[in-house]
Amino acid sequence: MTRLSFPWLTSAIVLTLLIGVLLARVSDPSRARRLAVGAAAALALLGVGATILVHGASADTRWIDPVELAILGAPRPVLALDPLNAPLLAYAAIVVLAVMAGTPRVAFEPTRASAAIIHLAATWTLFLTLDLGLFTAAYVLALVPALPSTQHHRGPSARRLYLLYLFGSATMIAVAIASVGYAAMRAGVAAPLSLVDLSASTVELRPPWIALPLLLVGVVLRKGAFPFHSWIPALSERLGPLSLILLTAPQIGAFVLVRIGIPLFPEQLAEALPVVARIALVASVYGAALGLVAKTLRRAFGWLVVSQSALVLVGLECTTPDGMAGGLTLWLSVGLALTGLALAIGAVEARIGQRSLESYAGLATRAPRLAATFLILGFASVGLPGTLGFVAEDLLVHGALASYPGIGAAIVVATGCNGFTILRAFTRTFYGPAPSSLAVGDLLPRERLALVGLVVLLVAGGILAGPVVRTREPVAAHLIDRLVGPATSSGGHAP
Amino acid sequence: MITFVDVLEFLGVGALLAPLLAFFCVGATMLFFRAPGERFVARLTALAFGLSLLASIGLLVGMAIHDVDRISVDLGGWFSVGNYVFELSILVDRLSLPFMLLTAVLGGVIGRFSRSYLHRDPGYPRFFLLTLLFASGMLIIVMAGSIDLLFAGWELVGITSALLIAFFHHREGPSGNALRTFAVYRTCDVALLVAVVLFHHHTVAADYQTAYGDHWPGGTAPFDGAIATPVGLLLVLAAMGKSAQVPFSGWLPRAMEGPTPSSAIFYGGLSIHAGAYLLLRNAPVLERAPIAATALVVVGIATALLATLSGRAQADAKNQLAYASMAQVGLILAEIGLGLRMIALVHIAGHASVRTLQLLRAPSMLHDFHRIHAAAGGHLDPTGGHYEMILPAGLRRRLYALAIHRGGLDALLDRFVVGPMLRLLERIDRAEARWAALFEPPAAPDPDTVARPEAPVARDGTEAER
Chain A
1 MTRLSFPWLT SAIVLTLLIG VLLARVSDPS RARRLAVGAA AALALLGVGA
51 TILVHGASAD TRWIDPVELA ILGAPRPVLA LDPLNAPLLA YAAIVVLAVM
101 AGTPRVAFEP TRASAAIIHL AATWTLFLTL DLGLFTAAYV LALVPALPST
151 QHHRGPSARR LYLLYLFGSA TMIAVAIASV GYAAMRAGVA APLSLVDLSA
201 STVELRPPWI ALPLLLVGVV LRKGAFPFHS WIPALSERLG PLSLILLTAP
251 QIGAFVLVRI GIPLFPEQLA EALPVVARIA LVASVYGAAL GLVAKTLRRA
301 FGWLVVSQSA LVLVGLECTT PDGMAGGLTL WLSVGLALTG LALAIGAVEA
351 RIGQRSLESY AGLATRAPRL AATFLILGFA SVGLPGTLGF VAEDLLVHGA
401 LASYPGIGAA IVVATGCNGF TILRAFTRTF YGPAPSSLAV GDLLPRERLA
451 LVGLVVLLVA GGILAGPVVR TREPVAAHLI DRLVGPATSS GGHAP
Chain B
496 MITFVDVLEF LGVGALLAPL LAFFCVGATM LFFRAPGERF VARLTALAFG
546 LSLLASIGLL VGMAIHDVDR ISVDLGGWFS VGNYVFELSI LVDRLSLPFM
596 LLTAVLGGVI GRFSRSYLHR DPGYPRFFLL TLLFASGMLI IVMAGSIDLL
646 FAGWELVGIT SALLIAFFHH REGPSGNALR TFAVYRTCDV ALLVAVVLFH
696 HHTVAADYQT AYGDHWPGGT APFDGAIATP VGLLLVLAAM GKSAQVPFSG
746 WLPRAMEGPT PSSAIFYGGL SIHAGAYLLL RNAPVLERAP IAATALVVVG
796 IATALLATLS GRAQADAKNQ LAYASMAQVG LILAEIGLGL RMIALVHIAG
846 HASVRTLQLL RAPSMLHDFH RIHAAAGGHL DPTGGHYEMI LPAGLRRRLY
896 ALAIHRGGLD ALLDRFVVGP MLRLLERIDR AEARWAALFE PPAAPDPDTV
946 ARPEAPVARD GTEAER
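Chains as they are written, first to last, in the working numbering: chain A, 1 to 495; chain B, 496 to 961.
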């Protein structure tokens with residue numbers, strides 16, 4: 001446990017929030033883009049620094065931010081860096097950085113950039129906080145900025161779906177946390193919403209029959225796992241892949257599970273996880289199967305997100321180190337690859353409009369680099385050899401088979417179908433006769449930087465897979481310790 | 496002190512790395528800068544295959560002189576978690592060395608041939624890039640010390656195969672055929688990956704050397720028949736996809752849409768034999784799984800018969816050669832099923848070389864015929880016709896119809912497997928869309944966002960967006 005000498009974490013979040021609010025008032029899109037890219041890049045650098053700082057540390061080591069909060073209990077630090085969240089901070093910032101840098105100019109609006117930056121600040125808070133109250137506030141805040149964009153003044157709307165599924169998930173999680181806090185308060189815990197105090201408490205303060213089911217439903221809703229997956233393809237079609245990826249790439253549902261679920265309900269989760277794993281697996285296979293018949297590029301992307309994101313949940317529910325580490329690595333690789341793919345789709349739509357997959361567009365002749373990055377990033381999301389995705393899927397399949405025999409085969413079927421969907425989307429978009437009127441260019445330097453940067457990250461992650469996996473291995477071992485040996489620690493576990 | 500084995504290990508790594516580095520070099524140039532010139536790409540490809548060939552010959556000579564049966568290079572673990580380690584190990588032995596030599600020789604020949612054949616084709620650098628990636632994938636398959644690493648190469652070969660079938664991408668036909676081929680590959684790849692996972696589940700050994708013990712063609716499976724049978728059957732299924740065996744054979748004639756040099760190296764020379772290599776490498780599993788071995792013999796012979804029949808009814812040279820290739824690979828697989836490993840290996844080497852030559856000569860076939868006929872002093876009689884005359888006329892007609900329809904296998908698969916599955920999925924997808932529309936009916940397509948590009952971008956790449 002180390003106390004940071006300067007409130008780096010609080011300062012970063014507050015500054016980012018301020019920039020996010022300021023962005024909404026900037027009228028010049030170029031200036032707004034520079035500001036947003038600068039903020040995301042600074043956070044990405046800070047996140048990389050944090051990852052280097054925690055490298056090699058044991059999973060229960062924490063670097064505490066000195067700023068304390070005194071709401072509902074004694075003053076206590078609320079933000080801390082640890083080996084679980086440090087790489088995720090860098091990852092979340094890189095996703096937003098790539099989206100801010102690579103979004104086509106016509107699709108770039110200062111208000112949307114503002115929403116993305118506020119979302120990033122909320123995501124950082126959620127990853128860093130040790131306080132359940134702040135966690136809930138950050139969870140809700142992460143959803144609010146994108147709400148106005150769900151109601152398009154002319155195009156399709158997604159507001160009700162967004163409210164039903166995403167705010168539904170927030171409500172479930174808030175009620176679950178409130179019930180935990182209420183039970184802790186009755187039991188006399190000094191800070192009933194502090195994850196540290198709750199973990200240290202030896203009294204029974206968690207009513208699992210209320211909180212756990214609500215928490216799990218909240219997670220499944222946010223993750224878009226079967227049967228609560230319908231919002232993902234619908235939002236992809238109505239809002240576009242870039243809006244969708246900002247919501248789904250941080251894998252906030254999965255984080256709720258590892259940050260709150262496993263520490264607070266280890267015994268119950270150890271029993272419930274096989275069921276949740278199967279639900280996630282059904283989502284993965286179902287999404288992969290429906291991706292095969294998707295009629296538009298946007299819908300195919302939506303099903304791809306459903307399928308590949310569910311695999312992260314499958315990994316997190318493995319009780320083997322390789323499966324769990326595979327899930328944690330997949331978290332990063334799928335997010336980066338799908339972000340790149342969303343950017344590539346955005347670039348396609350900026351050139352030739354939304355694409356149906358029932359005809360050929362012949363874009364490769366005019367935009368060969370866009371075609372190449374689309375293909376590499378698409379296959380990287382389903383485990384292209386040489387990229388980080390291959391490493392993650394290899395670990396996941398091995399681990400899943402050892403945990404739940406039979407699941408490994410289903411994962412392979414899902415990724416097999418997704419690979420076909422990628423090639424189908426690629427050939428229909430980039431191959432075929434090019435219309436003579438097709439007068440568009442290849443990637444602009446800004447787009448190329450974002451897309452090629454993500455390709456380089458994924459390939460470098462694949463080549464240097466050892467160090468990347470090593471950052472996830474202690475976290476995986478720690479989570480499994482909690483799940484497999486909770487009875488020995490009398491109900492108290494470090495968050 | 497550098498030992499002789501160190502030199503051989505260095506050569507082994509060099510043989511694999513040469514085309515892989517050339518691929519990265521061409522790929523990075525295309526991605527970061529601009530498409531490189533023809534001369535640069537052709538020379539780099541020639542250099543890569545030349546170095547790979549020299550390293551392979553060095554290994555052959557060195558291993559023969561010093562009577563070394565096997566060189567195993569352990570490059571360490573790629574990544575590891577707990578007890579699981581993904582080993583990067585290279586194995587050069589009596590099985591992999593002939594395939595390495597074939598890859599380097601045929602790759603070099605194809606590179607040289609394509610230099611003239613694809614001159615001034617807009618896809619020139621893309622062709623060489625994919626050929627280098629294919630050769631790297633093929634070398635990973637044949638040099639992998641473990642089945643995990645083999646799978647990585649297997650995937651690369653599948654992807655490059657599909658992309659080269661669709662090489663002439665301005666037409667819809669090649670793209671559709673590439674998709675169909677890829678669908679068969681992915682289906683059968685699932686079988687391979689499940690076999691890999693089962694393999695690991697039932698043995699702690701990560702590499703062939705530990706798993707099978709003895710040098711190839713010897714060795715014993717590390718598990719009993721109850722495990723060997725499903726693993727063997729899955730391996731056979733994986734090989735059937737890659738080697739175009741019935742009922743998955745329909746993709747091979749479609750794959751001939753690709754440029755002739757890629758057809759030659761993929762479907763005459765190397766890729767089509769990858770399934771045979773997989774089964775030869777894991778022959779100890781088949782030995783312990785008689786059901787899988789029998790299935791392999793049946794599939795191989797059935798493929799050979801159907802391919803011979805269909806090949807005789809094809810109207811173009813490339814399709815005839817595709818079926819001839821399929822028939823020979825069917826026989827090779829039957830040989831492997833019967834345990835004739837060395838015969839199968841010799842058969843592969845001979846067949847790959849002859850078929851590559853035939854496919855490369857296919858565009859000049861008329862010229863060749865004229866030359867042969869001129870040299871022979873008149874027309875030569877076509878062969879094989881007298882066998883057909885032995886059959887009754889009715890049977891002949893039925894067989895002809897069967898041959899024309901290529902056994903009707905694609906139609907059967909489409910009608911009874913693919914069609915119903917896709918219809919069911921489409922129905923579910925429509926139900927999904929209706930469910931989402933219950934909450935929020937989708938608005939009518941906005942002409943501003945659907946019909947028109949959102950942001951026109953100038954052809955010269957400058958930001959001409961609105």
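It is worth saying that the hints were derived from the structure and are not from the lab. Be a bit skeptical, because a hint or two may be false.
Said to hold, decoys possible - Once the Cα atoms are required to be at most 16 Å apart in a straight line, the calculated EDC-like pairs of lysine to aspartate or glutamate come out as:
| id | chain 1 | residue 1 | chain 2 | residue 2 |
| --- | --- | --- | --- | --- |
| 1 | A | K295 | B | D811 |
| 2 | A | K295 | B | E927 |
| 3 | A | K295 | A | E358 |
| 4 | A | K295 | B | E582 |
Here is how each hint holds up against the structure:
no., hint, in the structure
1, A:K295 to B:D811, "violated (35 Å)"
2, A:K295 to B:E927, "holds (13 Å)"
3, A:K295 to A:E358, "holds (6 Å)"
4, A:K295 to B:E582, "violated (41 Å)"
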